[in-house]
Amino acid sequence: MSWYLEIGFGMQPTQNHQTPVADSVTTSDRREEGNTTVKRQAPSLRQIALLSAIALLVLATPSAVFAQAKTLSIANEGIADLPSLDPHLTGNANSRVFTNLVFNGLARIDGNGKAVPDLATWTVSPDGRTYTFTIQPGARFSTGAPVTSADVVWSLNRALSPATASKGGFGIVYLGIIQGARDYNSGTTTAIEGVKAVDDTTLTIELTNAAAYFPSTLYGSWAAIMEEASGEDFVGAGPFQMANWAHGQSITVKPNPYYFGGVAQLDEVTVKFYANPDTAYNAYLTGAVDVMGAVHFPSSKVPEASQRSDFSSNAILGLTYLVPNTRIAPFDDPTVRLAFSYAIDRKALASLLGGMVSPTSDIVPHGLVCHSGDPAAPSYNPETAARLLSEAGYPGGAGLPALTYTYGANSPDQDRIAAALQQMWQQALGVQVNLNAMEMGSYLEVLDARTFQLAMIEWGASTDPRSFLSLQLRSDSGGNNAGYNNQRFDELTRAADVETVIETRCTLYQEAEAIALSEAAWFPLYNPTVNVLIRPSVTGLGLGPLGLYADNWAKVGRSE
Amino acid sequence: MLRFVTTRLLNMVFVLVGVSLLTFLVGHLAPGDPILILLGNNKSPELYAQIKAAYGLDRPFIEQFAKFAWRALHGDFGLSYAQQGQAVTDILARGVPVSLQIGGLALLCTLAVAVPLGTIAAVRSNTWFDNLIVSIALALYAVPNFILAPLLLSVDIALYRRGLPSLPVAGWGTPAHLVLPVLVYTLGSSAYLVRLTRNSVLEVLREDYVRTARAKGLSNRAVNARHVVRNSLIPIVTYVGPSVAFLVSGSFVIEYMFAIPGIGYLAVQSLYQRDFPVVQGITVSLAAAVVIMNLITDISYAILDPRVRYG
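If you read the protein sequences in the order shown, they are chains Z and H.
The opening position of the first sequence corresponds to residue 1 in the numbering used here, with each subsequent residue numbered one higher.
The opening position of the second sequence corresponds to residue 1 in the numbering used here, with each subsequent residue numbered one higher.
The following block holds chain Z by itself, in its conformation from the complex (with noise of 0.2 Å):
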C-alpha cells in the first residue's frame, strides 16, 4: 500500500537537507562574480545582501554541520526487514526497538518492571472499574499539535479496530477487559463503549471488572497514541520521529522538537537490521552499530563478549518452560508429571547455554509483581524423582508408552537443551525419551492442536502475573497448550484477575502457582537475560525487565 513507501522515500534524512541550500549558494555566488569583475570598487548592494544571507545561513545551520553529530545507530537482530511501521500491528521484541523511540503510551513500564506514568497520570474509581486519565501537560506529537483526550479516544478505538485486527493488530489480546471492547472488535459496535473523552485533556476508561494490572497493558505498542490528523502516516508524541526508512536496510528517526521530556540529545538515531546474529556482533566489533544484542545475541559469542567490559546481561521477565499435554497418558497423571520435573537439572541447562539464562523454578518469573519463589516447587532431586515414578506405577520406567519430547528446532541451542533433557531423564528416570525436532512453523500448529506428549514454549518478556496463570493455564483460556484443568486453580486466578489490592491479589495469584506446581502443570526451566555490548560513550542507556532500556530516550547521550 502506498502510505508505506510515502513514509519510506517522502521524507528525507537531514544531511540531504542540506546540499540544495549549498548548490544555491554557489550559484548565486558565480553570478555575483561576473558582475563584479568589471570594475572593482566598494560592495554593491548585491554583494552585501549576498554576504548577510551567507551570515545567515551560517548561523541558522545546526551546529551539527560543525561540531560532529551525535548520533546512535542499534542493531536489530533477526530480522531483515521490520514487517510494518504501524505501532498497533507490532508489539515483539524487534519491533519495540523502533516504537520505543517514536511512540509512547499511556503508561510505560520502569526500571524496576512498575507501570508509571507516561502520557498521562490517572486516577482509579473506589471499586476499581474506572480509570480517569489526565495527559500531562505540555504533552505534544512531533506536528507540534497538543496530546488531547480525542487523539487518545481515537487511537486506542483505531487500535481495536476490526480492521486492524484483520491485519494482524492483536490489542484485544491485551486491552480486551475495556467495556465494550470485544463488541467493538468484532465489529457488532461501531465505537468502544468504555472510552470516553471527558474534556480536552480528561478522558475516562471502564473496565468489564476491577484489574489492577490494567495500566501494565497500555505501555505496549498495541496501545500507542497516535495523532488522529495524521491518521495512518503514524504520527506519535515519543521523544523521535521518522526520517527514513531503508527497506532491508535500516530504520533512521530525529528527534521531536516537541516531546514532553525534553528535546532529546542525539540528533540522530539508526536502528539497523541484521538476519543474522552473527553479522549484527562483528558490526559492533567494526564501529558500525553502537548498540548490539538486544533482540538477540548469538549465544556462540556469550563466552567471548562476557569478558569485555562493554558487556551487560539482565534476566528478563519471560520464561521457558516445557508443557507437558495433561489431556492424555501418562503426563495425564500429576505423580509422572512430578517425577519427570524433578529429573531436570535446570542449572546443568543454564550453563549449557553459556549463562544466557538464569535457572527458575517458578512460573511467576524473579522480579516480577507477586513473584513468591515458593520453595515448594519441583527442582532437580533425582531420588524424588524416581521415587514418584515408582509411586506412580512405573518403577525405572517400566510399563511406560514411548514418549516423544516435541520442539521447535529454530536454533542449535534447542537441540543441545533436547539431548540434555533426554540424558537427564535416561539417568534420573530410566526412561528413554525420543527427540521429534520440528521446523517452527510446523511445531506450532502441533502446540496448538495439542498432538504433542511433551513441549517447549519460550514466552517472552510479560508485566503481570496473570499472563503466565490466568491466560496459560486456566481451563477455559485459549493459551492453555497443557490442557490443565483444575478448578480450584481457575477460582484463584479468576478472584485475582479482578482484585484491586495488591497484597491480596498476590497471594491468590501465589496460590494458583503453588497449585499448578505441585501438580507439575508445567516444568519451568529458566528466565531468559538479555545480553548487551553497548559502546562506552553511550550515556543513559542500559538494560530494563523488558530488554534495552531508557529512562528517558531524550537524556540519551553521547560522551565523546
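Mixed in with the good hints, there may be bad ones.
[As the list claims (entries may be wrong)] Computed list of chain H residues with no C-beta within reach of chain Z, every gap over 10 Å:
1. Met1
2. Met12
3. Leu39
4. Leu47
5. Ala66
6. Gly104
7. Ala112
8. Ile136
9. Arg161
10. Leu196
11. Arg206
12. Val210
13. His227
14. Tyr239
15. Val291
16. Tyr310
[Said to hold, decoys possible] Under the rule of at most 20 Å between Cα atoms (straight-line distance), these lysine to any residue pairs were calculated in the SDA-like manner:
17. Lys167/Z to Ala87/H
18. Lys52/H to Pro162/Z
19. Lys167/Z to Ala150/Z
20. Lys555/Z to Asp110/Z
No lab work stands behind these hints, which were simulated from the structure alone.
Note that CB positions come from ideal geometry on N, CA and C, so glycine has one too.
Guided by the hints, dock chain H onto chain Z, whose structure is given.
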C-alpha cells in the same frame, strides 16, 4: 529460428502456469499455518478467524486458486502476510535489483577471472602454473561459502582492530560494501568455472581441426584464439545461462551473512513464515528467468556452433 523462438515462448506460458499451480498446491498442503505464525504468542480464536478471513484463507481451495491465478495473470501476487499490507510486487521490485546487482557483478568477476585462468591452465597443461591453478581451484571448490565468509571476515576484523584499512563487514549502499560479498561469491563460483573451462579447452585442443590448423602452420596464438577458445565456450555458456537466471533469486547465504537487502534471504524467510504470496512471487519470477535464460542459451549455441540449427 523464428518458429523455434515462438514455440519456446508459448511453452513458457505452460511452464509458468504449471509452476504457479505447483507452488500454490505445495503451499496449501505443507504443514504450518501462516496466521498462527503471524500471531505467535498472541493467539485468540476470534482474532485468528478474523485474520484468516481477511486474507481469504477461509475460502475453498478452488476459489483461492482461481483468485490467485487471475491476479497472477495481471502481474499481481497479492499482499504479503508477514510484511503487513505490502504488495508482493513492491517487495520484489525492491529486492530483485539488489540481488541482480551483487550477483551480476560477481558473475562478471567470475568470468573475468575463471575463463582466462582456465584457458591458460589448459594451454600450458601439466606445467607448474596449471598445477597451481588446479590445486587452488580444487581447494576453493571444497570450501563452502558459509565457511569462506567468516574466514574473510575475521581477517577484516583483525585489520580493523589494528587500525589498518578495512572493509565494512555488512550492509549495503557504498561500493566498499560490495567488496567482501562479491569476493566470496566470485571465489566460490570461479573455483568451479576454472575447472570447467580447463577441461573444455583441453578437449578442444585434442580435436582434429586443431591439429589441422597447426599442420597448416598457423601460429599457436592464432590457433588458440580462432579455433580453440570459441569452440570451448559451449560448456561455459551452458553453465552461465542458468546461473544468470538464478541471480534473480539471490544467494541466501551471502545475503544473510552480509545483511544485504536482496531477495535471497527474503525467499527463505518467507518459507519459514509461510508467507505464500511472496514465495509464489519469487518462484514464478525465477521460473520465468530460467525459461528465458535457457532460450537465450540455446540461441547462443547456434551462434557459437554453426552446425547447430533450429528449424
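Status of each hint after checking the structure:
no., hint, verdict
1, Met1, "holds (42 Å)"
2, Met12, "holds (30 Å)"
3, Leu39, "violated (6 Å)"
4, Leu47, "violated (6 Å)"
5, Ala66, "holds (22 Å)"
6, Gly104, "holds (18 Å)"
7, Ala112, "holds (28 Å)"
8, Ile136, "holds (26 Å)"
9, Arg161, "violated (8 Å)"
10, Leu196, "holds (31 Å)"
11, Arg206, "holds (47 Å)"
12, Val210, "holds (49 Å)"
13, His227, "holds (48 Å)"
14, Tyr239, "holds (29 Å)"
15, Val291, "holds (27 Å)"
16, Tyr310, "holds (41 Å)"
17, Lys167/Z to Ala87/H, "holds (13 Å)"
18, Lys52/H to Pro162/Z, "holds (13 Å)"
19, Lys167/Z to Ala150/Z, "violated (24 Å)"
20, Lys555/Z to Asp110/Z, "holds (15 Å)"
In summary, the numbered hints that this structure violates are 3, 4, 9, 19.
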